[in-house]
Amino acid sequence: EAGVTQFPSHSVIEKGQTVTLRCDPISGHDNLYWYRRVMGKEIKFLLHFVKESKQDESGMPNNRFLAERTGGTYSTLKVQPAELEDSGVYFCASSQGRLTGGWRKETQYFGPGTRLLVL
Amino acid sequence: AQSVTQLDSQVPVFEEAPVELRCNYSSSVSVYLFWYVQYPNQGLQLLLKYLSGSTLVESINGFEAEFNKSQTSFHLRKPSVHISDTAEYFCAVSPVPGGGNKLTFGTGTQLKVEL
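Just so you know, the sequences run in chain order A and B. Quick note: to get this note's numbering, add 182 to the position in the first sequence (first position is 1). Quick note: to get this note's numbering, add 6 to the position in the second sequence (first position is 1).
Each hint can be trusted.
Once the Cα atoms are required to be at most 30 Å apart in a straight line, the calculated DSSO-like pairs of lysine-lysine come out as: (1) B:K55 to B:K75; (2) A:K226 to B:K75; (3) B:K118 to A:K226; (4) A:K260 to A:K236; (5) A:K223 to B:K75; (6) A:K226 to B:K55.
Restraint ranges, calculated between C-beta atoms of paired labels, are given here: (7) B:Q51 to A:T200: 28 to 36 Å; (8) B:N67 to A:A184: 20 to 28 Å; (9) A:L301 to B:S15: 25 to 33 Å; (10) B:P18 to A:L248: 41 to 49 Å; (11) B:Q48 to A:K223: 14 to 22 Å.
No lab work stands behind these hints: they were computed from the structure. Beta carbons: idealized from backbone N, C-alpha and C, even for Gly.
Hey, can you work out the whole structure from these sequences and the hints?
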């Protein structure tokens with residue numbers, strides 16, 4: 183079974199440019215999460231999809247970040263325009279749980295991350 | 007809201023020595039606890055988790071962690087480390103069902119095993 187994949191593995195862009203990160207979750211996983219780690223700091227939650235719906239986007243830094251998950255499969259995270267402080271490692275994770283009046287505590291499987299550097 | 011503290015950013019240890027990586031958390035609600043490991047150039051992998059039941063949980067590669075509710079801790083231990091254990095270790099919590107599954111992480115502890 184293929185794990186969570188992320189593309190690209192690295193991206194170097196200039197301030198003001200646009201970058202789009204992609205995440206392919208494990209097949210059949212309804213839950214998809216985005217996290218970010220800024221250099222030397224903790225990994226922080228950005229948002230959570232259940233299928234194609236945004237369940238929680240409380241961690242999104244500002245409106246320069248746009249996440250989509252059309253069709254409930256892969257997800258994209260677009261940063262437009264990128265700023266210096268957006269540099270970091272962006273992780274995607276997926277889990278299988280279903281909404282049944284409460285949350286099942288499923289293991290989140292992480293991808294290798296995309297290393298973004300904004301110059 | 008939850009927070010996780012990993013006081014040790016780096017832990018050097020000699021091979022075959024014991025190691026303890028500390029993790030303390032703060033939360034106004036009950037939480038589940040996790041340790042994730044990131045080997046060089048790889049993604050995060052779940053090492054072990056505490057959901058309920060026995061407060062001592064073990065991984066398949068010899069690590070164990072004990073949930074201590076009174077001290078709000080979930081320290082990770084291994085009695086004898088190997089070179090291959092060199093990695094970054096992250097402690098994380100998530101609220102018991104009702105608060106979603108999002109994980110709150112600590113800042114990570116870099117374990118460096120030396121010969």
